[in-house]
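Okay, here's what each chain looks like letter by letter:
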Amino acid sequence: MVFTTGMVGYPESLTDPSYRGQILTFTYPLLGNYGVPAPQARDPWGLPDGFESPEIQVRAAIMQNLEPPHHWNSKTSLPAWASRSGVPLLVGIDTRRLTALLRSRGVMRGILSVGKKVPSTEALRRELERAPRYEEEDFTSEVTPRAPQLLSCGRSGAPLVAVLDCGIKASILRSLLRRQVDVVRWPARSAIEGRFQGRKVSALLVGNGPGDPSTLQPVVESLRESSRRGLPVLGICLGQQLIALAHGGRTFKLKYGHRGQNKPVVFPDGKAVILSENHGYAVDPASLKGTGLEAWAFNPDDGTLEGMRGRGGRVLALQGHPEGGPGPREASFVFDRFVEKVRRRA
Amino acid sequence: MTLDLPKRVVVLGSGALKIGEAGEFDYSGSQCLKALEEEGVFAVVVNPNIATLQTDPPRLGRTYFQPVTPEFVEPILESERADAILLSFGGQTALNCGVALHQSGVLRRLGVRVLGTPVKGIEQTEDRALFLNLMAKADVPVLKSHAVYSVEEALDRAKEIGYPVIVRVAFTLGGKGGGMARDPEELRQVASRGLRASPVSQVLLERYVGSFKQIEYEVVRDRLGNGLTVCNMENVLGMRVHTGDNIVVAPSQTLTDSEYQLLRAAALRAADVCGIVGECNIQFALDPRNEEYYAIEINARLSRSSALASKATGYPLAYVAAKLALGYTLPELKNRVTGVTTACFEPAMDYVVVKHPRWDMEKFPRARRDLGPTMKSVGEVMGVGATFPEALLKAVRMTEPRLDLSPPDTPRDRAAILSDLARPTPTVLWQVLEALEAGIPPSRISEESWIDPWFVAQLEEVARITKELRRSKGRPFSHDLLRRAKRLGLSDRSIARVTDRDEETVRADRTAKGIVPHIRMIDTLANEWPSRTNYLYLTYGADTDEVGPPPKGSVLVLGAGPYRIGSSVEFDWSTMNLVEGLKAEGVPGVAVLNSNPETVSTDYDRSDRLYFEEITLERVRDIYEKERFRGLVSCVGSQLAQNMTPLLAACGIPILGTTPDSIDAAENRSRFSELLERLGIPQPAWKAFKTLEDAERFADGVGYPVLVRPSYVLSGAAMRVIPGRADLERFLSAAVRISPEYPVVISKFLEGAGEIDLDAVSDGERVLVAGILEHVEQAGVHSGDAILVLPPRSTPPAVQEKMVQAAQAMARALGIKGPFNVQFLVVGEEVYVIELNLRASRSLPFVSKATGTPVLREAARAMLGKGLSRSGTAQVPFGRWGVKVPQFSFFQVEGADPLLGVEMQSTGEVACFGPTFPDALVKAMVATGMKFVPEGGRAFLSVGGPRLKEQLLPAARLLERLGFRLMATEDTAAYLTGQGIREVTVLYKIMEPEREPNLRTVLEKGEVDLILNVPASFTQEKFERMLEDEYILRRRAVELAIPLFTSVETFSAYAGGLAWLREHPLTVEALYGSDMGPGSGGALDWNQPRSVSLVRASRKAPSRKRRR
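The listed protein sequences derive, respectively, from chains A and X. Take any residue in the first sequence, note its place counting from 1, add 5, and you have its number in the working numbering. Take any residue in the second sequence, note its place counting from 1, add 18, and you have its number in the working numbering.
Be a bit skeptical, because a hint or two may be false.
[Stated by the list, open to error] When the alpha-carbon atoms are kept at most 35 Å apart in a straight line, the in silico DSBU-like pairs for lysine-lysine are as follows:
{"hint": "1", "chain 1": "X", "residue 1": "Lys491", "chain 2": "A", "residue 2": "Lys121"}
{"hint": "2", "chain 1": "X", "residue 1": "Lys531", "chain 2": "A", "residue 2": "Lys80"}
{"hint": "3", "chain 1": "X", "residue 1": "Lys25", "chain 2": "A", "residue 2": "Lys276"}
{"hint": "4", "chain 1": "X", "residue 1": "Lys177", "chain 2": "A", "residue 2": "Lys80"}
{"hint": "5", "chain 1": "A", "residue 1": "Lys122", "chain 2": "X", "residue 2": "Lys708"}
{"hint": "6", "chain 1": "A", "residue 1": "Lys121", "chain 2": "X", "residue 2": "Lys531"}
{"hint": "7", "chain 1": "A", "residue 1": "Lys276", "chain 2": "X", "residue 2": "Lys177"}
{"hint": "8", "chain 1": "A", "residue 1": "Lys121", "chain 2": "X", "residue 2": "Lys485"}
{"hint": "9", "chain 1": "A", "residue 1": "Lys276", "chain 2": "A", "residue 2": "Lys294"}
{"hint": "10", "chain 1": "X", "residue 1": "Lys644", "chain 2": "X", "residue 2": "Lys52"}
{"hint": "11", "chain 1": "A", "residue 1": "Lys260", "chain 2": "X", "residue 2": "Lys644"}
{"hint": "12", "chain 1": "A", "residue 1": "Lys346", "chain 2": "A", "residue 2": "Lys276"}
{"hint": "13", "chain 1": "A", "residue 1": "Lys276", "chain 2": "A", "residue 2": "Lys258"}
{"hint": "14", "chain 1": "A", "residue 1": "Lys294", "chain 2": "A", "residue 2": "Lys260"}
{"hint": "15", "chain 1": "A", "residue 1": "Lys294", "chain 2": "X", "residue 2": "Lys352"}
{"hint": "16", "chain 1": "A", "residue 1": "Lys80", "chain 2": "X", "residue 2": "Lys644"}
{"hint": "17", "chain 1": "X", "residue 1": "Lys352", "chain 2": "A", "residue 2": "Lys258"}
{"hint": "18", "chain 1": "A", "residue 1": "Lys122", "chain 2": "X", "residue 2": "Lys162"}
{"hint": "19", "chain 1": "A", "residue 1": "Lys260", "chain 2": "X", "residue 2": "Lys352"}
{"hint": "20", "chain 1": "A", "residue 1": "Lys205", "chain 2": "A", "residue 2": "Lys80"}
Derived by calculation from the structure, the hints in this document are not laboratory data.
Whenever a hint applies, use it, and build me the whole structure from the sequences.
Structure (structure tokens):
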């Protein structure tokens, strides 16, 4: 069970594959205000429009109040959508109190019983004991494509970027496509090839996704393999952690993670941006020594590593989400820098 | 990083409270001073608003009670050798003054740098053309205005823009003659009317976006360009209604992430191109049907909205803005709530806040009540809750504890409701509920009212639960129903009303069922980090209390709630001074309960605990049952808190200070009268009555005029001077209807009597008189609207002594423990007591500051059972005069009659000091925006009745001597020439347009500089047209900003000021300062006094952007 402090963007959050396997608690007390866009809606590139993936990813959501919806773009309501997706919503909970619990004791396992029968607490506890732990589950297989998938930005002659897809958010893909590059979504466990369908792969983006990075050894391996090609690399969220691991760094689990749209990130020159975040693990900055990577940005509140760079300017990574979805997009300058490098190589 | 800190900073305040510029600037100024003090920067405050906390004796700085205008600020900058100035903490007043000082080169000449947003950036936000360019640079869309000169041109343009369009008339005041047009037919009408009204035959055409959502963002940005939005807010009534008059919710409720980020990013881009360093507010109009949007306005300064955002989130915007102006960057600043995280983050709320305005329309009987682009409200409140209805219903009760937002039992017919919905007034929410009750579909309600369907759906919840409750009449409540009703924010009283129970039964029932609210913290980040915040609210959406009871011996102080006419920032000053007094006396915990986001007392670091809550019996009891505090203080929260005292005491809540019984003895007219009789203190003849016959017999006996009023009076509500028998009969039905449970009182009205306010504090034995304030106006003008002078100008010491003795006698008889205020009438040597208030008064800050007496420190001692540390009568230092002048907001309230009377109408006040009465008076009048024309001009005089005419004579002679051209109505002119005044031009009445020279022509040509109009005090039918004529005159004077007087005494004082200005410059001196020694203000020659001459600078520069 985790919590997010974001005040808008529940359709995006609920479909964010990084939340796969988690029960998401909303600290903002009103949910469902503006309904849900048409779940089948697709943007010009064929990606889910208004969502981060085609389906709800969380196991369940906990909230204080469910509101009657109204919005010009709403086609269904949050409870109808969740119910069609078979995802339970737990309503009427003092989520501030629950947040205090998660914050003080750390992220914990939860179990939700749905149905008319009310099982005993004891029975639920036994059930929970038997259930696999978060670290043990293989979420990556559930969210990564089986075979490479090409997304065209619609312009001929556009450079091609490979995305190591561990459950990437649609907004990250859109951020690239909007900048006039083509994208190939690559299965997380296979190394990127130099060419795809006869076209040169000019760069690599390692995106977000669910799971404990230290248990994603096969992905780290494939990434290490891909890195040998000397491509420009952009890491986002889990991507930053995987890149650190691939270069010999370490990651660790945060007590209760960073989930919200209000997180400060400070760069060495004193510049700061507000960033959307969703992560339960972080890179240990001390472990970067000797990896050829250096710390680039920090969270001033708890000193966690928010960005790294290195390898002659080839690698750039952010722990947060420059694409927003939901949340601010001021850090989207990293996409500009990345795409600039892509063009130079193409 | 090393900062280049300034040494001496001038901080400009906003002057008197007025509609559109109110208490929020005491909050922002006070936070700014705190930030400066922390850095060791010496702050020189310029603000004539005597009732503010920012003008209390500073710990590091000096205080000037002077007008915030360039001619007064320039000598202060010079003599203080200030090296910097802050413009963004004193509203539009400070901003305009600072920009003028920059443009005239004064700042450059004196080497004063502007901290925070550079003046260039400010200018770009203030000038419409520059603003349009700037927004284009930031790629932020704006609405364009098109100037057209004919109806045909207007029709052509409108085709391009698309309907509806709004027509604005160029160069008329208050946008007169403009309007909205939905189609070519309407446009033809509106445009031709507008073109006729415009002196240059020009109207401006703009796309009308009244049905759009109105969304605001509060941005902070540092010198490195790091920017973030602290809060966004949504206006429930959309673009159609000014945000100051709107119901505002934070955060926005109907925006998707995409819309939220679209506007947020635009706000940051806009702040970037303006070069904001500190804070700014940006308003957007967002289409409710797509993502089309426009930036409407940027305020490059702290504002009412930023004060609200600050309270809504707990993020101390003004404090942070001040630090950023000093050169800090956002990541360098700490989040003061958590103490560990930085100020570089965007607050996450886990609750909803709703701001609701407080209007005082009934104080302006002739004013238009519909809400629109001009702000009319005088104050506001903020409800905090776990749901929108909980926050909204709280907010409604906060505006007025008697009020409940609930549907009527029997709605009117649909047509009436629909027509009301299309023209929102202060009761629009009730009309939505009424419409729901009448079965009008929610979608139709939205179409008519332009209120987003989401908000209508929220009100539907309220209507639905009310229906359910009604069905449980005569049956026991189910636990579930009661819990849902409380979660939606219904009060025990409203539940009781719809179910035919009494409030106490409902309370007992729900507490027995365990349905009680719980205490929650406002911590800026939704509990993500542990915090020790003491910023609290109560909600039925929580399962547990987040804080335990306070230390034993703690005290709860009731604040004054929303600012309104008769109760404003002076009570916030009282609340905070008492809190500090209690702390200084060692009270282990002082909590404050208040509901007004524009205050300093709702800054959570000012008290040990802050409850941002409604000041209602129900809520105070909820808190008491949790806290079991030692005592409650109700004598600093104005009449609102005072009126609750007997009810609170009846619930077993211990009251600190004067006993509830003594309060009743002073409030209850017959008990009070008996007391005066027993003490041998004279009072005007009076009688309480219930029937008209008794009343008439009494009035005939004592003789007219008589003063009629109900008991438990708040700022003269429903009080009136009645000139004759016919009027008595007409008036009485209205007065009785207002307050049936209290008898109505009639007293003999003493014409021509002087009026005195005495402020004091007592410990039950000894009395410290803080000041004796003489009114310039005779009895009949409400004390809040009168000019007050310290020391008394014309009250002999023996008479003053009589008053002191009366005060002492009453204090002992009632065992007063705390502050009190007595109002006296003086006729010759005779002194009559007319009122005793056992609470802090409006004039308390003035006397405290003028005489250097910390009255509420003494009050704190008295309340805790310690004796006063001193007694006697405090005096203003010899050779100093203090004058307090009221501020009116008649211009803002379309149609309001600026006629002074026993009903209070002023919205604020200033006080200035000087070595003579006229010196202090003129400065204070200038500080309220009054123009002086010492070089001479044209005065129009019109007074009714022989007594007033006689009284006017000396002032008329003085004006003649000063070379004024006198004009008058026939009667007044005849009298004046009869008394030897040589040239008086007769002007004919507006209602006789065929006769010239006519008043209307003179007004329209601007050929008059002063107007005195005192209507005769009779209202017989045949004079009604004449009275209407005079109303039009007064209204035009207000709209044309011509100095207008409706009292001969005020006018005479003003004339004396004109004469003084001919011979003397005005003094400019600090009243006190941390480097000026104890009793500071005593030393008038502490530095080289500077002076200002108004003879040259009497014509004001054209006014800049109006206050929002």
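These are the hints, each one checked on the structure:
1. X:Lys491 x A:Lys121: Given pair Lys491 of chain X, Lys121 of chain A holds - Cα atoms ~32 Å apart, limit 35 Å.
2. X:Lys531 x A:Lys80: 40 Å, violated
3. X:Lys25 x A:Lys276: This hinted pair holds, its Cα atoms lying about 28 Å apart.
4. X:Lys177 x A:Lys80: At roughly 33 Å apart (the allowed maximum being 35 Å), Lys80 of chain A and Lys177 of chain X satisfy the hint.
5. A:Lys122 x X:Lys708: 67 Å, violated
6. A:Lys121 x X:Lys531: Answer holds: Lys121 of chain A to Lys531 of chain X is near 26 Å, not above 35 Å.
7. A:Lys276 x X:Lys177: 47 Å, violated
8. A:Lys121 x X:Lys485: 29 Å, holds
9. A:Lys276 x A:Lys294: 24 Å, holds
10. X:Lys644 x X:Lys52: The hint holds at about 32 Å.
11. A:Lys260 x X:Lys644: Holds. Lys260 of chain A to Lys644 of chain X sits at ~33 Å (cutoff 35 Å).
12. A:Lys346 x A:Lys276: Holds, because 22 Å separates the two Cα atoms, which is no more than 35 Å.
13. A:Lys276 x A:Lys258: 27 Å, holds
14. A:Lys294 x A:Lys260: Measuring from Cα to Cα gives roughly 24 Å; hence the hint holds.
15. A:Lys294 x X:Lys352: Holds. Lys294 of chain A to Lys352 of chain X sits at ~30 Å (cutoff 35 Å).
16. A:Lys80 x X:Lys644: 46 Å, violated
17. X:Lys352 x A:Lys258: 26 Å, holds
18. A:Lys122 x X:Lys162: 63 Å, violated
19. A:Lys260 x X:Lys352: Roughly 23 Å between the alpha carbons, so the hint for Lys260 of chain A and Lys352 of chain X holds.
20. A:Lys205 x A:Lys80: Roughly 41 Å separates the two Cα atoms, so the pair is violated.
The structure shown violates the earlier hints numbered 2, 5, 7, 16, 18 and 20.
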